[in-house]
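*Asks:* All chains should be built: construct the whole structure from the sequences, respecting the hints.
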Amino acid sequence: MRDVAVIGIGMTSFGELWETPLRSLWAEAALAALDNAGIDSVDLVTIGCMSSGLFTGQEHLASLLADELGMAGVPATRVESACASGGLAVRAGFAEVASGLCDTVLVTGVEKMTDVDGADATYALGTAADAEWEGFHGVTFPGLYAMLARIHMQKYGTTREQLARVAVKNHANGLLNPHAQYHLKVTVQDVVNSTLVADPLCLLDCSPVTDGAAALVLTTAERAREIAGDKPVVVITGSGMATDTVTLANRADLAELGAVKLAGERAYAMARRKPEDIHLVEVHDCFTIAEIMATEALGFFNPGFGGSAVEKGLTSLQGKIPVNTSGGLKSKGHPVGATGVAQVVEIVSQLRGEAGQRQVQGAKIGMAQNMGGSGGSSVVHILEVV
Amino acid sequence: MFSPARAWREYPQRYRLEAAKCTECSKILYPPRLVCPACGGRTFTPEILPREGKVVTFTVIRVPPAGFTEQTPLPLALVELANGVRLMVQIGDVENPETLEIGMPVRLEFRRISWDGEAGVIFYGHKAVRAGS
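Which chain is which? The protein sequence lines are E and X, in order. Using my numbering, the first residue of the first sequence is number 1, and each one after it goes up by one. Using my numbering, the first residue of the second sequence is number 1, and each one after it goes up by one.
A portion of the hints provided could be inaccurate.
Which stretches of chain X does chain E cover? Using the computed rule of at least three CB atoms under 8 Å from a CB of chain E, they are [to be verified]:
no. : segment
1   : 60 to 71
2   : 88 to 96
3   : 111 to 123
For the record, the hints were derived by calculation from the structure and aren't laboratory data. Note that the Cβ used here is the ideal one computed from N, Cα and C, for glycine as well.
*Replies:* Okay, structure coming up:
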């Protein structure tokens, strides 16, 4: 396998971008990444998008978007793994470069979610659950994570306040990210007093509905070094993916995110790294409970200690392992197909030392963990400055 | 998706709680599959699910998806039946959501689950209600 480097990053601001269609969001991020890399042609485009059909009525996205960039003729592939579609697009591009099938790949993720109303957006997101055996009964994503939260709280004593502290931390980080959807300081009281969405989760436990896109340019580490000169090169040293049962009914242990654990183990093995080596991590905090469970599944904390870790500040910007320096899905926003790519954009910014006010000093090794559905899939990448 | 064909083909599971028992390892699959995820077995005998069980975890949906806006707040539970099979169901007859709890004994009852407007398909299935109620 060839070593794969990230030579370009780009993203739109995240938010309710009513004036901008999907194709323009996507092109803005793609052009930013190509400009950042200093190139104008690629061998392949990969696109992570969960449900352009339900959100905008548009499928056949790969060809549509390649053409939007004036690249008709270039191979393009759309991949889908619900909210892990972006991470899977990164992995698809990584595999192409690593294998030698392609030398340079434009990896992208996009979701345009605000062309439908709240009930239809909730329905579209809900299709990441088992439509026939969960969705049929009216369950929503907040509902599924609420059920997981209740199990975690009962088994480990995770508290309502600990959940809230995830939101407080991520909103504090989001204040320092100019691309974030919300620049809003929230308190524990704000979170626990916000509207109930699915007991015990409140509105401020949930990531928002967001429009946005993000993009990377991947190439061989060898070519990256030629282009970079004396600048640092960021290499993807580990890539892991795993599935789990989509239905919670068939899940072996509801207090653990099995796919995250497996994907993490695979990424650690490829990179020859362990949790103590990682300097910062972007995890898939679609709900506050998800961040707590992800940090446990990735081995940063023992099972049941994710909640107290947040409370002690271990995951804050100055903590032992900063989690979601970008603001996470919670504050930065969660355009589902774009999220997995945007996580890698944040890690590369940090490893390059370009993260501004939220820079983690001395960050050399970072991780991005993206998740589909209620943990039915997960993609984990480890990136390092070499 | 409000599809009449889908509603029709799911009658055996929705209306009669028909499951499949693996002839190799006795695992009970609901809904039935072509291959047993536990042992790889491919032969099954029909099995009707018991109606008694308990709540494994639950929530109350306050922000519903399209199709359920008239049924909010909507209590939902993951229920484990007496034979170990777990399934996602609505909880019926809940006057006060504060009384719901993990471990609560429930019984499955045949109920209307959702409906497609005034002239569309009415979907029936099972809801869990507090046992003894």
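*Asks:* Are the hints correct? Go through all of them and say.
*Replies:* Going through the hints against the structure:
no. : hint       : result
1   : 60 to 71   : holds (count 11)
2   : 88 to 96   : holds (count 3)
3   : 111 to 123 : holds (count 3)
Hint compliance for this structure: every hint is met.
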